[in-house]
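Novice: Okay, here's what each chain looks like letter by letter:
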Amino acid sequence: MSRKILVVEDDATAAAFIGKGLGEAGFNVDRADNGRDGFFLASDGSYDAIILDRMLPGMNGMAVLSALRAANIETPIIILSAMGTADDRVAGLIAGSDDYLVKPFAFAELLARLQRLMKRGSAGTPIETRLQCADLELDLLGRRVKRGDMTVALQPREFRLLEYLMRHQDQVVTRTMLLEGVWDYHFDPGTNIIDVHVSRLRRKVDAGFATPLIHTIRGAGYRLGVGD
Amino acid sequence: MTPRVRFFGSATARLVALIFVLQMLATGGVLLYARSAILQQSTGDQQAFVGELAADLRAWHRRGGNKAVAAQIVDRLATLKGENLLLLLTNAKGERVAGNIEAWPAGLPYHAPWHTIDAMRTGSDRTQSIGVIGTDLPGGAHLLTGRVVDFELRRTEVSQRVLLIAFFLALPLALLVAAWTTRLINVRIAGIARTASAVGNGDLAQRVPLDGSGDGFDRLGQGFNLMLTRIEALVSELRIITSGLAHDLRAPIFRLTATLETAKTETSDPVALAAMDRVSTEAGVLQAMLATALEISQAEAGIGRDRFVDVDVAEMLADIWELYEPATEAVGIQLVIEPSAGKFRLHRELVAQALGNLIDNAMKYAEGADRVGLSGQVVDRQLRLVVADNGTGIATQDREQALSRFGRLDPSRHATGAGLGLSLVEAVARLHDGTLALADNAPGLRVELTLGAPAG
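Residue numbers (the working numbering), protein chains in the order written: chain Y, 3 to 230; chain E, 12 to 467.
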């Protein structure tokens, strides 16, 4: 059974763009073009995730969000907004959204975040002490990393970067997701800052091994896993 | 954080002085009037008494001539009341007939209105002040009546001393009134000043508290509040326009990138793909400019102050170093943290972004630089953050241009970058009541971002 996504977006072009992308990624998409209809559709809690524009006619996105949370609808929600300052994001997250994405965005960014949300929603978060991907092992208690029999020496932040990638293995993670998840910053640091970090990590983790684990996904970000 | 006000020479000190002086003048005037009134009253009493005595004796003269007057004089001087009296009757030749003084006082005319003379009475051992009236009697005789005013003068002296004491008692009271009045005024004005500075710091919702009394201060406050309401309305309109504009611009950019992304999946023509990649890049630049412009206008409007947190300066710089060090190393620049310490309350995201912009600028524009130093020190409740490179620097005359919005020193050489980087840094400085300054690092550029208002 394919997953159901509700897109609440008044801009027809944007809605079509999101709908088309999600359809190709194998989701079932419903659309509402105003806040009231969006709230009505979402209020039975049958969706796996909701993509909610912040500025909507009828009832704005933040009001829809508060109303749903007040009605105990815990469906994961991503807010889409043209208001992209760090403060706007925090306001959105405080109001109970699970993620906040600033327009314009690349579809890959939306997809990566949506998949992260739904994975979190279904699997829960068991307490782990050890993360593993193929022959790469990360010991969270001892703060040690091993690739095969070799110990990989990492700086603390490189360790956290690898931890984030391993917790989201086989998912695409974007540069902004890494900046938020590893550094807790929400601004655009400019000049391929994140790329340099990832390539440093890649040199330590992948160099000299037959199967690379860190993959660059063009136009989107990175993915850690076996194979392309 | 209250700055030390220079008291002497301030308007407050002058007001205190003015009120004090006026109070003292009023008190002094009242006391002086009281003193002269008391003096006049007591002299008047003496005059009346002596005049009456003269009239009485003249009446005796009419009845019985000099003899009767002389008898009266002897009688009266013998009574208890006579103690304070001066009486003298002289005949037509000027010889003493009766009285308690040897002769008519020298220099005193025979017919004299009220005089105060110094004379020694018979039987007295000292000279006394005596108020006298000289009267002609029919037949060429002369009568001198008088009364000792010595003790009256003493009484006046006492009253003067009392008045002096009253004056010095009034002194601290006047000072108190002056200080209290000034304080009252200052408190009212301070309310208005507090509101003004809060508004200056971006809290446009602040209003002057009114007491509804309708006095001058209340009317000033009302006028002030009316002005603030107007300003707030204008600013919020501006904000709505700004964010509305940003929203309206983002929507078409979003549609543009969405269309491009869709188109890229539908063609394999390398020429078209390359062109679309270039357009995507430009759309990205446009979007970044818009985002930065929005950040700047928000920071300048004071939005985000509620998100200030206490931050350990050394830790914050270590975080930023950690984020940027790989990138600077890749372009051959050593990023170094110089001694930093202290705690400061700031907007973590925006300050990090500002420092990031400065490091990014150094990487892009500091020609010949191989070292960028990063430091932060808390001095006098200000945090001074410095990003200093050892490149070629910016000439003094070009520094202002570098700080101006959309200003780029050499637009032809660096195609990317909107020229908003330093404007954002400056807006972040202002959000923290601080300043941004460019200086010479000899060699290189030294950017000083000072957060917090100067003390004092």
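Think of the hints as simulated: they come from the structure by calculation, not from any bench. The reader is advised that the hints may include incorrect statements.
Interface residues of chain Y toward chain E, partial, derived using beta-carbon atoms under 7 angstroms [as the list claims (entries may be wrong)]:
1. Tyr187
2. Arg202
3. Ala212
Some chain Y residues flagged as far from chain E (calculated, every beta-carbon gap over 12 angstroms) [said to hold, decoys possible]:
4. Gly150
5. Trp185
6. Ile219
Built from N, CA and C at the ideal position, the CB exists for glycine as well.
Novice: It remains to establish, for every hint, whether it holds in the given structure.
Specialist: Evaluated hints:
1. Nearest Cβ of chain E to the Cβ of Tyr187(Y): about 6 angstroms, under the 7 angstroms cut. The hint holds.
2. This hint holds: Arg202(Y) has a C-beta 5 angstroms from the nearest C-beta of chain E, less than the 7 angstroms allowed.
3. Among the interface hints, the one on Ala212(Y) is violated; its C-beta lies about 26 angstroms from the nearest C-beta in chain E, farther than the 7 angstroms criterion.
4. With a closest Cβ-Cβ approach of about 25 angstroms to chain E, Gly150(Y) is found to remain outside the 12 angstroms limit, as its non-interface label requires.
5. For Trp185(Y), the shortest C-beta to C-beta distance to chain E comes to about 6 angstroms, within the 12 angstroms cut-off, and the non-interface label is violated.
6. With 12 angstroms as the threshold on Cβ separation, the claim that Ile219(Y) sits away from chain E holds: the shortest Cβ distance comes to roughly 14 angstroms.
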